[in-house]
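K.L.:
Residues per chain, in single letters:
Protein chains: 2
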Amino acid sequence: MSERDVTICEVGPRDGLQNARGRMTTADKIRWIAALAEAGLPEIEVGSFVRPDLVPAMADTAEVVAAAKRIEGVSIVVLVPNRKGAERALAAGARKLTVPVSASRAHSRANIRMEPEQAVAQVAEILALARDADPPAEVAVGISTAFGCTLQGTVPEGDVVRLAEALAEAGVEEIGLADTVGHANPAQVKRLVRAVRAGVGERLVGLHLHDTRGRGLANAVAGLEEGIRAFDSSLAGLGGCPFAPGASGNVATEDLVWMFEDMGLRTGVDLDRLLAARAILAEALPGEPLHGHLARVRCAA
Amino acid sequence: MSERDVTICEVGPRDGLQNARGRMTTADKIRWIAALAEAGLPEIEVGSFVRPDLVPAMADTAEVVAAAKRIEGVSIVVLVPNRKGAERALAAGARKLTVPVSASRAHSRANIRMEPEQAVAQVAEILALARDADPPAEVAVGISTAFGCTLQGTVPEGDVVRLAEALAEAGVEEIGLADTVGHANPAQVKRLVRAVRAGVGERLVGLHLHDTRGRGLANAVAGLEEGIRAFDSSLAGLGGCPFAPGASGNVATEDLVWMFEDMGLRTGVDLDRLLAARAILAEALPGEPLHGHLARVRCAA
Numbered sequence: 001m002s003e004r005d006v007t008i009c010e011v012g013p014r015d016g017l018q019n020a021r022g023r024m025t026t027a028d029k030i031r032w033i034a035a036l037a038e039a040g041l042p043e044i045e046v047g048s049f050v051r052p053d054l055v056p057a058m059a060d061t062a063e064v065v066a067a068a069k070r071i072e073g074v075s076i077v078v079l080v081p082n083r084k085g086a087e088r089a090l091a092a093g094a095r096k097l098t099v100p101v102s103a104s105r106a107h108s109r110a111n112i113r114m115e116p117e118q119a120v121a122q123v124a125e126i127l128a129l130a131r132d133a134d135p136p137a138e139v140a141v142g143i144s145t146a147f148g149c150t151l152q153g154t155v156p157e158g159d160v161v162r163l164a165e166a167l168a169e170a171g172v173e174e175i176g177l178a179d180t181v182g183h184a185n186p187a188q189v190k191r192l193v194r195a196v197r198a199g200v201g202e203r204l205v206g207l208h209l210h211d212t213r214g215r216g217l218a219n220a221v222a223g224l225e226e227g228i229r230a231f232d233s234s235l236a237g238l239g240g241c242p243f244a245p246g247a248s249g250n251v252a253t254e255d256l257v258w259m260f261e262d263m264g265l266r267t268g269v270d271l272d273r274l275l276a277a278r279a280i281l282a283e284a285l286p287g288e289p290l291h292g293h294l295a296r297v298r299c300a301a
Numbered sequence: 001m002s003e004r005d006v007t008i009c010e011v012g013p014r015d016g017l018q019n020a021r022g023r024m025t026t027a028d029k030i031r032w033i034a035a036l037a038e039a040g041l042p043e044i045e046v047g048s049f050v051r052p053d054l055v056p057a058m059a060d061t062a063e064v065v066a067a068a069k070r071i072e073g074v075s076i077v078v079l080v081p082n083r084k085g086a087e088r089a090l091a092a093g094a095r096k097l098t099v100p101v102s103a104s105r106a107h108s109r110a111n112i113r114m115e116p117e118q119a120v121a122q123v124a125e126i127l128a129l130a131r132d133a134d135p136p137a138e139v140a141v142g143i144s145t146a147f148g149c150t151l152q153g154t155v156p157e158g159d160v161v162r163l164a165e166a167l168a169e170a171g172v173e174e175i176g177l178a179d180t181v182g183h184a185n186p187a188q189v190k191r192l193v194r195a196v197r198a199g200v201g202e203r204l205v206g207l208h209l210h211d212t213r214g215r216g217l218a219n220a221v222a223g224l225e226e227g228i229r230a231f232d233s234s235l236a237g238l239g240g241c242p243f244a245p246g247a248s249g250n251v252a253t254e255d256l257v258w259m260f261e262d263m264g265l266r267t268g269v270d271l272d273r274l275l276a277a278r279a280i281l282a283e284a285l286p287g288e289p290l291h292g293h294l295a296r297v298r299c300a301a
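These protein sequence lines are chains A and B, in that order. Residue numbers are given in this note's numbering: position 119 of the first sequence equals residue 119, and the series is strictly consecutive. Residue numbers are given in this note's numbering: position 207 of the second sequence equals residue 207, and the series is strictly consecutive.
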């Protein structure tokens, strides 16, 4: 693997498929994840340990983790919404968990049926579980609705900073800010990254951006200019949030990689192989709306 | 009109319609331009004085100018590719002309059948014509393919700076940089704006950005951070360049306004009225692909 200037975490198999219209088979998920790893993505969020009756698309995550773990050179991440999910994830052999904690009280209640304070306490329990696992697992936290919430509206920056500080105090070493509903603008990204950095320093690692208002790439550049070097994205811009009305897809991996590479930043990701992974996605989820500019430009050329 | 922090020039009636699949009637153009002015856009490029046999969509520009001039509070601009176009524009009563000059030699030849040096000499002639008009008219120059060219490939930054300097020497007081084919990235925008500013100072006024690679907004923010306060855009992202294969639409006016306003910058443009103008566009060009995130989000809400 070449050295990288930025680290892109592909979240399509989780954030994308969780919100897709169609359902991808387990075999296709595994094939797709292998192609994403083959394209050079250093980290892939392959699924979530949520209630299968609520999110049937994620019911096979244990099986996907088992297969994905066998791929070399890629870090496999799973999302866990609560303690029970973390137990299932660790039992399935997951070595990196990401826990969403909402800065918006309304979103927290709707999404995980908890107040943010309860969510922080639960993160502490998950940290303990992960520490006790053999081998110990990593835990990252994504602060969702950090830039706004369709349910609550504005999310005060102070709320986000306090939440990040509480998480750092609980022992979280990797914190991300998520623009769950795509409300962020570049000025706000710069402001909030600075404010959270002032509170928790280098524990603020990444950004998870959505392209709802078409500003995903502009917001990524804003984060980059404030020192952020880790970005979530999903191939073809798949994804959203079922509990945040109006939210459309994640920033498209291929366009993010393409822009960063054009800017002279090494992502370690190969665009042609990414398009090959996109072909698998298109085949495995027929009829799904796929976004992203790279495929369109390449096809027109 | 409120004070503005940024000035947006709507180029849809020119750049958009010149490259649209369908044809808009003169009456619809006038109705659409009136709605764009009603939305608060301070400047509208309403057409071009090009050869009607080559670009039939622009054949009625004199008539459109005559009607658009009667709208109060908006600056009406027309594109002229050469001296003959400038003569026609001035005869039609146009008071602001914009002349494209390509930094790419290959694009210059294909687009206006001239070398860049000939184009600068011709700009000097157009400046003289405009000065002698009664009342005198303004002349701006847009340096096209400033960030790359599908025909020539890379366009050296030195070529763009030298061209801008030659234009300034010829007496041009308003210069814009156009990403005609949408190859620019935010790092490049910052670099080139700085380099051209070092050469011609405040005569570098604006950016004309395309969204081919999805970076239109990111590039606008990059320009903004380097002090640019004037941006071209087209409603619904209409537009492209018929002689630059693969180029898709301009950055969408509604998304640019929306982002700037969210960033706390006053554009003087009303989003609801912009959507009303978009409805006219949709009606007057049925079947035309319309881009932009605002309409999609508003409709989903």
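These are calculated hints, taken from the structure and not from any lab test. Check before you lean on any hint, since a few could be wrong.
Chain copies aren't distinguished; within one or between two, either way the pair holds.
[Said to hold, decoys possible] In the EDC-like style, the derived pairs of lysine to aspartate or glutamate whose C-alpha atoms are separated by at most 20 Å in a straight line are:
1. K69 - D28
2. K84 - D132
3. K190 - D270
K.L.:
Under a CA distance limit of 20 Å, which applies to K84 and D132: within one copy, between copies, both, or neither?
P.N.:
Answer is within: at 15 Å inside a copy they meet the 20 Å cutoff, but 80 Å across does not.
K.L.:
Within a copy, between copies, both or neither: which one fits K190 and D270 at a CA-CA cutoff of 20 Å?
P.N.:
neither (29 Å within a copy, 26 Å between copies)
K.L.:
When no copy is named, should K69 and D28 be tagged within, between, both, or neither for a Cα gap of at most 20 Å?
P.N.:
Intra 16 Å, inter 60 Å, cutoff 20 Å: intra-copy only.
Of the hints listed earlier, the one the structure fails to meet is number 3.
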